[in-house]
Amino acid sequence: AQSVAQPEDQVNVAEGNPLTVKCTYSVSGNPYLFWYVQYPNRGLQFLLKYITGDNLVKGSYGFEAEFNKSQTSFHLKKPSALVSDSALYFCAVRDISRDDKIIFGKGTRLHILP
Amino acid sequence: DTGVSQDPRHKITKRGQNVTFRCDPISEHNRLYWYRQTLGQGPEFLTYFQNEAQLEKSRLLSDRFSAERPKGSFSTLEIQRTEQGDSAMYLCASSSQGANEKLFFGSGTQLSVL
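Residue numbers (the numbering used here), protein chains in the order written: chain Z, 1 to 114; chain R, 1001 to 1114.
It is worth saying that the hints were derived from the structure and are not from the lab.
Hints may contain errors.
Over the 12 angstroms line for every Cβ pair with chain Z, so calculated as not near, a few chain R residues [what the hints assert, rightly or not]: (1) D1007; (2) I1012; (3) V1019; (4) R1031; (5) E1052; (6) D1063; (7) P1070; (8) T1076; (9) G1085; (10) D1086; (11) K1102; (12) G1106; (13) L1111; (14) V1113; (15) L1114.
The list that follows gives simulated cross-link-like pairs (lysine to aspartate or glutamate, DMTMM-like), each with its CA atoms no further than 25 angstroms apart [what the hints assert, rightly or not]: (16) K77/Z - E1083/R; (17) K58/Z - E1101/R; (18) K77/Z - D1007/R; (19) K1071/R - D1024/R; (20) K1102/R - E64/Z; (21) K106/Z - E1028/R; (22) K101/Z - E1052/R; (23) K101/Z - E1056/R; (24) K1102/R - D1063/R; (25) K69/Z - E1083/R; (26) K1102/R - D99/Z; (27) K77/Z - D1063/R; (28) K106/Z - D1086/R; (29) K1102/R - D1024/R; (30) K77/Z - E1101/R; (31) K101/Z - D1063/R; (32) K101/Z - D1024/R; (33) K106/Z - E1052/R; (34) K1057/R - D100/Z; (35) K1011/R - E1101/R; (36) K77/Z - E8/Z; (37) K1102/R - E15/Z; (38) K1071/R - D99/Z; (39) K22/Z - D1007/R; (40) K22/Z - E1056/R.
All residues carry an ideal CB built from backbone N, CA and C; glycine is no exception.
Make a model of the complete structure from these sequences and hints.
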């Protein structure tokens, strides 16, 4: 069965510093991988995805993520954090080899400190 | 693209009552998902459809929960004999498949069971 894990409940980063939000996954075949963001009292918004091709994918608001097949990871990164990046971030996976559903991690709360 | 619509936005009900939620997906999307989210947690998979076919229902879901997508367009989620533990945000999302695959979420239905 597929699974996705976000090992950190919360990440604190000073404004202007680089940030990383971790995600690891487990699938039997090939994955589609996604990152979503949720601001307070708002719906889930798509940030970026990995389907195939380049391991480094770029998304909205200056975020990027690197697909690492050997480490089964898809960490979210940004070179310089903004206070406005403070939100809940969710990683999601779908095992396309089994044409499975999309499932989400439990989320990581990102705090950017001024 | 008018987005994913959910109705109602809020529902307050008494324990033991039945409730039904509606989701109107983006018209060209063949996949429709239902998730449940509690405060600060990740979306929990409930069920999903491809066109009118229900592909999977979460094994964690009691028989009180049922969903339909009768014509492959809108979907309904019904909860019978509601319990206080059913209180949550119920999210609907739709997607196409392949290279353009990504979930578009509705604003959700917030259920409060008194």
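So which of those numbered hints doesn't the model satisfy?
4, 11, 12, 16, 18, 21, 24, 25, 27, 33, 35, 37, 39, 40
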